[in-house]
Amino acid sequence: MKFELTTDQQDFAASLESLLAAADTVTVARAWAEGDHGPGLRLWQRLADQGVTALLVPEDADGMGATPVELVVAFEALGRHAVPGPWVEAAAYLATELSGEARTAIAAGAVATLAVAPHTPYALDADAADRVYLAGSDGVRTATVGEPRPSVDRTRRLFTLAAGPVHDTADRSREAFDLAVLATSAQLLGAGERVLADAVTYVKQRKQFGREIGSYQAIKHKLADVRIALDFARPLVFGAALDPTPRAVSAAKVACADAAYLASRTGLQVHGAIGYTQEFDLSIWITKIRALVTAWGTPGFHRARILETLRSA
Amino acid sequence: MDLQLSESELAFQAEARAWLSANVPAGPLPSLDTPDGFRLHQEWEARLAADRWSVVSWPADHHGREASLVEWVVFEEEYYRAGAPLRVSQNGIFLLAPIIFEHGTPEQQARFLPTMATGERIWAQCWSEPEAGSDLASLRSTARRDDARGGWVLNGQKIWCSRAALAHWGFGLFRSDPDAQKHAGLTYFLFPLDAAGVTVRPIAQLDGEAGFAEVFFDDVFVPDADVLGAPGDGWRVAMSTAGNERGLSLRSPGRFTAAADRLLALYDERPDPRVADRVVDAWLKAEAYRLYTWGTVTSLRDGGDVGAAGSVNKVWWSELDVALHETALDLLGPEAEIESAWLDGYTFSLSGPIYAGTNEIQRNIIAERILGLPREAKGSR
Ligand SMILES: Cc1cc2nc3c(=O)[nH]c(=O)nc-3n(C[C@H](O)[C@H](O)[C@H](O)COP(=O)(O)OP(=O)(O)OC[C@H]3O[C@@H](n4cnc5c(N)ncnc54)[C@H](O)[C@@H]3O)c2cc1C
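Going down the list, the protein sequences come from chains H and S.
Per this note's numbering, the very first residue in the first sequence carries number 388; after that it's consecutive.
Per this note's numbering, the very first residue in the second sequence carries number -11; after that it's consecutive.
In case anyone wonders, no lab produced these hints; they're calculated from the structure.
Owing to the predicted nature of the structure, the values given are computational and were not obtained by experimental measurement.
Hints are not guaranteed to be accurate.
Stated by the list, open to error - Computed list of chain H residues with no C-beta within reach of chain S, every gap over 10 Å:
no. : residue
1   : 391
2   : 423
3   : 632
4   : 659
5   : 666
6   : 700
Claimed, not checked - Facing chain H, from chain S, some residues (calculated, C-beta under 7 Å):
no. : residue
7   : 148
8   : 191
9   : 192
10  : 321
11  : 341
In this text, a Cβ means the ideal position worked out from N, Cα and C, and glycines have one as well.
This is chain H alone, in the form it adopts within the complex (with noise of 0.2 Å):
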């Protein structure tokens, strides 16, 4: 037993953290946002040569062969770092279910989406992809683009999809949909670890009636169970990550949905007005937060697997 990172994972989290941080994601995110995705598409590439969408791709198809620890270790810094892009659609989704080519084209770094009804019924930045895909219960289809929705994500821009031909695949959708969730609990939980870290940065430094408002009890006893919540959080993905079975990466998404979304209404309230302004950075987060919390299945959906799970067992 020994239930915290390897040497190896610890050196890979902080290459891509020192990739991230050095890489002013907040200006790629904007950009994004605003339609402008060629400074993403390159960071996206950057990442892609650091191994992220190949994790779960096998060597002998080009990939790294790595397990769902590495992945996890990824998606919580895209999280906290705020990269936008369909990552959990491909280097999650698509590296699993998808066989062939089309794999080891996702490891390399092309950019893939797809809609999975009726969890995410929408495709993810589809306008951006090289490759779009439409899953059903008869399989994997190639897709064509139809109608954007706007999310309250502004990184995010959805699309209904049309369904093309049949594509092939290695028939493990199942599995594709469950590390889809762990990477999105990652990724919630990264956003959860920044918002709380800016939070704090933020009530040290802000005074109102000559002290930091950090001082009060008021603030300090919100920002203490968000840590928490965030600590308690983080145990149910990496045993997810261990053995991602429905029933763990459910409890994961839920852990970190409730964490998350606790650290993205404290981490604004505590900032006062400032905090809901589309300018400050924090607006990243508090919106990503809210579309994450939802994406691959509801917190309800998750909980109501965990207790079918539960009682069947």
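Given the structure of chain H, go ahead and fit chain S with the ligand onto it with the hints provided.
This is chain S with the ligand only, laid out in the frame that chain H set:
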């Protein structure tokens, strides 16, 4: 003890309901924080005013109907039940007008109230400053006496002024006596937002719309005629508005009972047993607010004043609003993140625990003034 409306109150209710059902625009207007939406909301105000429904509680010679407080609450309930547009004139009619009635000169009343009632001139509240949010009394913008011209010269910066991106006039506090302590030495000014030396910078809110603005003052001259109340008495004058804002007038129960009804309709469309309890809770909380308000109205009618109870009120309606909209998003499931009226309402609800005095500050007031608990130490300024 009873909740029975009188004959005349019932007649008033019926008249309001009939007028609203005949006149409320069929579809929603574009957002009032866009130029088109702003203009359409102003036109709606003019329509209300033409039939004396814009400021029902004002005197008859000021476009009003001299409606009692009970009738005002009834009107608001009917207004939101009918799905009528948001009030683009709310800062003026709810926050500034009571002060003009109480502290304004007859000349100021004659000059400012009519265009406020018709929605022709929209007002923005310019109180907060970058360094003076919760601690409003620490504000630094200044007013310098100019005897030669018979007025004052304003300098400094206000921020988060709702509607200011498109509004015509503003009202705010400035430090007119630099030597006086915090709450003393403040003066209440009215000023056109296109005056020489005023710069307005719209600020996009979380939903991307410029719902508020930053306002810069660079040697802006304001004549004595546009000072509200006595110079140096601004804090006392202003605080009568703060009570109004937290208390009843800003967010009457009708807004939330109507939203709870819409939530129920959404539940009928997309029943989800997992969310059922919270739909009921939203209704229950709105109902509690409705009944609580009749208690407030009774006490106000008997000469009481809202006082610290306004803080109780404000925490309740703002947190009820967030919970109600979160519940709606849960019912929307995977569609929740897609733009919709519910999503707009949700995003706006998130600001409720911040504006009109944050809920932390309200809880401090409740603890200190209602429960009598000791104050938390303040820092040195
Ligand atoms: C949508 C919206 C519309 C607005 N419209 C207007 C308007 O029209 N005109 C206008 O003048 N202003 C307006 N405001 C500004 C509003 O009044 C301020 O946001 C509010 O007073 C809080 O100030 P602040 O934002 O500077 O936050 P701060 O005062 O900096 O507070 C930050 C955090 O610290 C907490 N805090 C501060 N002091 C204490 C304490 N003593 N104990 C415990 N916690 C404390 C707060 O509760 C908050 O959580 C608006 C704000 C919003 C969001």
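Taking the earlier hints as the rules, which of them does this structure contradict? Hints 4 and 5 are the ones this structure does not satisfy, whereas the remaining hints hold.
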